[in-house]
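2 protein chains.
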Amino acid sequence: MTETALPLTASQLVLRAKQRELEAVRQLAQRTELVDAIGRLIHGLQRERGATSVWLASGGQRFAEVRTQAMAEADQAEQVLRQQLAGQLAPEQAAGAPLLTLMAWVLMGLEQLPALRAQVARQQLDAAASVAAYSRLIAGPVELIFHIADAARLPAASRLLVALLHLVQANEAAGQERALGAVLFASGRCAQAQQQRVLHLIDAQERSLQVFADFAEPALRSDWEARQLTPEAARLERLRRTLAMARPEAPLDTRHSDDWFEVSSQRIDALWQLQLDLMARLRAECESQSRQAEQDLQDSEGLLQGLRRHPPQHAGAVARFFEADPAAQPVPGPDAVAPAADNAALMALLQEQAARLARMEAELDNARRTLHERKVIERAKGVLMSRLGMTEEAAFRALQKTSMDQNRRLLDVAEATLSLPDFAFGPTPGVPHV
Amino acid sequence: MTETALPLTASQLVLRAKQRELEAVRQLAQRTELVDAIGRLIHGLQRERGATSVWLASGGQRFAEVRTQAMAEADQAEQVLRQQLAGQLAPEQAAGAPLLTLMAWVLMGLEQLPALRAQVARQQLDAAASVAAYSRLIAGPVELIFHIADAARLPAASRLLVALLHLVQANEAAGQERALGAVLFASGRCAQAQQQRVLHLIDAQERSLQVFADFAEPALRSDWEARQLTPEAARLERLRRTLAMARPEAPLDTRHSDDWFEVSSQRIDALWQLQLDLMARLRAECESQSRQAEQDLQDSEGLLQGLRRHPPQHAGAVARFFEADPAAQPVPGPDAVAPAADNAALMALLQEQAARLARMEAELDNARRTLHERKVIERAKGVLMSRLGMTEEAAFRALQKTSMDQNRRLLDVAEATLSLPDFAFGPTPGVPHV
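Protein chains in written order, with the UniProt record's numbering: chain A, 1 to 434; chain B, 1 to 434.
I should point out that these hints are in silico values taken from the structure, not numbers from a laboratory.
Some clues are possibly wrong.
A pair holds if it fits inside one copy or across any two, identical chains being indistinguishable in the list.
[What the hints assert, rightly or not] Derived pair list, reagent style SDA-like, types lysine to any residue, alpha-carbon separation capped at 20 angstroms:
#1 Lys375 - Gly96
#2 Lys375 - Ala204
#3 Lys375 - Asp365
#4 Lys375 - Met360
#5 Lys375 - Ala358
#6 Lys375 - Arg356
#7 Lys375 - Arg153
#8 Lys375 - Gln84
#9 Lys375 - Gln351
This one's a predicted model, so the numbers in the text were calculated from it and none came from an experiment.
Turn these sequences into a full structure, and let the hints guide you.
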């Protein structure tokens with residue numbers, strides 16, 4: 001069952017813990033590559049979605065070449081992602097059932113892509129339906145990044161992953177905004193449902209970018225602030241205002257269509273560049289953690305071998321262990337055990353290790369709380385959508401309004417929604433149950 | 001890197017997820033055996049602590065035989081525990097660095113036990129110091145149970161582990177209460193510090209048993225209620241009142257000493273019986289989950305093999321995937337992907353799996369919140385102990401009093417304490433830093 005000969009010693013366990021730390025860092029480094037591949041696939045599909053919506057809205061006249069190129073890029077990203085996903089099956093990756101299930105969903109979605117493209121090619125979908133289909137395809141990979149961030153246990157990398165997830169979400173909202181806005185301007189009419197959705201997407205970007213700013217490092221934050229000070233950003237804001245102020249079903253100037261696509265593409269490119277910078281930081285963080293964990297393991301091995309060569313004197317050793325004042329032990333648990341004189345070096349190593357792991361655990365709290373909050377809010381939105389037949393943005397607005405009206409945190413409102421019994425929602429509309 | 005031949009398919013991932021679920025159940029079953037061994041070691045050390053304190057308080061006159069027997073039992077429990085710990089080194093157990101570090105602490109503590117016993121044998125410790133030393137030795141294994149409960153991811157078993165942890169904590173507080181009360185009665189004088197500690201321990205038992213009752217099943221709860229309706233329980237309450245009402249440093253009737261030991265031992269035995277019942281429930285739960293996961297894996301394998309023998313028709317298949325109304329999808333993420341006609345069976349399997357995992361995750365919330373609360377409160381106590389040199393009970397009372405005075409939850413007060421900067425606590429007393 002184990003390669004370790006009995007009897008088991010404390011120093012064996014300390015070394016094994018150090019090995020496990022190194023393995024965990026390497027596993028996260030591998031997951032980071034998976035995140036990179038997911039990010040590139042999402043980016044490719046977003047480009048394909050944007051080009052496809054213009055192509056469909058123009059009756060197959062415009063962006064045919066851009067679309068072909070975007071499809072090729074998405075296909076290439078898919079191949080890389082498939083390799084990364086296959087790598088996650090390795091036992092040392094320790095991918096759990098939820099991650100594997102989500103990976104299966106993503107593959108399942110990708111297996112539907114040829115059928116979607118065929119429908120588009122035959123122009124059997126309108127532009128808005130195509131945007132919706134691509135957006136649902138993209139939701140799976142985004143969720144996968146969420147799950148990877150949620151499973152990460154290294155504070156600095158976890159913070160960067162939380163920042164990345166929210167940047168990807170902002171980018172996805174920006175991508176949907178570009179595609180929907182393009183459809184609206186190209187159609188020459190401000191359809192109300194799509195106008196509302198665009199406003200929701202602008203709002204969602206702001207919220208996601210706020211979380212990004214909370215978790216990214218200052219250099220990346222100022223990077224993003226600098227990228228927003230462009231003439232194109234100002235032009236985008238003017239066009240956004242045009243969309244926001246238009247009365248429902250009022251005519252829109254179709255000449256804005258190209259301009260909209262150009263300036264919203266530049267916003268997306270800026271977000272994408274930021275994402276690449278963030279990925280580079282994440283990689284560097286994993287590499288630095290990995291080197292440190294290797295060094296730490298080596299040092300500990302050396303120290304413990306030294307101990308074995310010069311065994312400490314047992315005779316006459318005072319068990320200081322039991323003498324220290326319990327009240328002087330700051331943290332219960334491991335720290336309740338004080339150094340014994342006969343192997344103080346091992347004890348010091350263990351104490352340092354326990355204190356470091358406890359510190360890491362405490363540092364993780366903030367990232368985990370943010371992810372937990374997102375999870376609870378998504379779940380509450382899901383309940384409102386399934387029980388009351390609401391759209392996603394209506395569900396979010398209902399939670400937000402309750403939060404503001406009752407002066408309660410959004411998280412508390414979401415938790416309260418989840419704890420309501422089914423009958424509180426009245427008779428179910430004709431929605432299939434999962 | 002992986003035994004799976006490319007290209008990777010969604011159905012491979014679904015099966016792998018099912019396998020991982022089965023592995024996770026088996027891993028938890030193995031951890032449950034570890035918890036059992038830890039529980040038995042704690043029980044043995046508690047008996048040894050009780051007998052030792054009477055033996056020391058009587059100047060080596062009484063309980064010599066009981067003590068010898070208790071030591072033999074503790075030694076036996078230690079051997080079983082060492083085997084269980086060695087089993088945790090197996091790769092399939094996937095014990096992480098924090099668990100391994102904690103295991104090392106526990107072993108380290110056990111390696112000090114012979115030195116403690118030698119000090120006791122030479123009567124170099126007084127009874128109170130011996131109780132303190134044994135109590136610190138026991139704190140490590142209790143923390144190990146906490147960690148195992150915290151790492152568990154199966155809702156029903158997690159709830160039972162949370163109940164078990166709090167039962168063990170109640171039992172440990174009861175054990176310390178017995179030992180300290182025995183010292184007080186045997187000394188014939190009500191030392192104030194120890195009197196305060198006994199009252200704190202009684203309070204701690206109530207709090208732990210409340211959490212036990214919240215998480216245990218109704219049958220176990222009524223089991224415990226029935227066990228408390230004994231004449232011995234009433235005698236214990238009378239003696240507790242005697243201790244509580246005594247003025248500090250007032251004389252105590254030494255004739256109560258035996259009676260105290262007898263009735264508090266009966267309380268501990270009742271708690272121990274309850275713990276055995278709870279362990280049996282936990283084992284049964286793991287076995288039932290394991291059988292279910294095996295069946296589930298078999299069924300899925302059969303279903304997917306059937307699919308391969310009768311490949312679904314691709315031609316003419318409508319990609320329903322993209323047609324369903326997004327608003328009709330109740331939960332974002334996996335559920336944003338709707339069934340495709342060409343492999344609806346796999347899609348249904350995947351949907352069922354995703355919904356089940358999401359439900360499990362939601363059901364885990366309550367157990368995890370309770371464990372998180374304990375962790376934050378322990379950490380805040382540790383900060384007060386190390387920064388202000390408080391004892392454990394003084395630290396807890398300070399948190400509790402702030403909570404009541406300010407009408408805030410204990411968790412909020414603990415979190416606020418942790419977020420205070422170091423200088424808020426003033427100059428550090430002479431306490432070693434970790």
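Hints and how they fare:
no. : hint            : verdict
1   : Lys375 - Gly96  : within (18 angstroms within a copy, 25 angstroms between copies)
2   : Lys375 - Ala204 : within (15 angstroms within a copy, 34 angstroms between copies)
3   : Lys375 - Asp365 : both (15 angstroms within a copy, 11 angstroms between copies)
4   : Lys375 - Met360 : between (22 angstroms within a copy, 14 angstroms between copies)
5   : Lys375 - Ala358 : between (25 angstroms within a copy, 10 angstroms between copies)
6   : Lys375 - Arg356 : between (28 angstroms within a copy, 16 angstroms between copies)
7   : Lys375 - Arg153 : both (17 angstroms within a copy, 17 angstroms between copies)
8   : Lys375 - Gln84  : neither (25 angstroms within a copy, 36 angstroms between copies)
9   : Lys375 - Gln351 : between (35 angstroms within a copy, 18 angstroms between copies)
In summary, the one numbered hint that this structure violates is 8.
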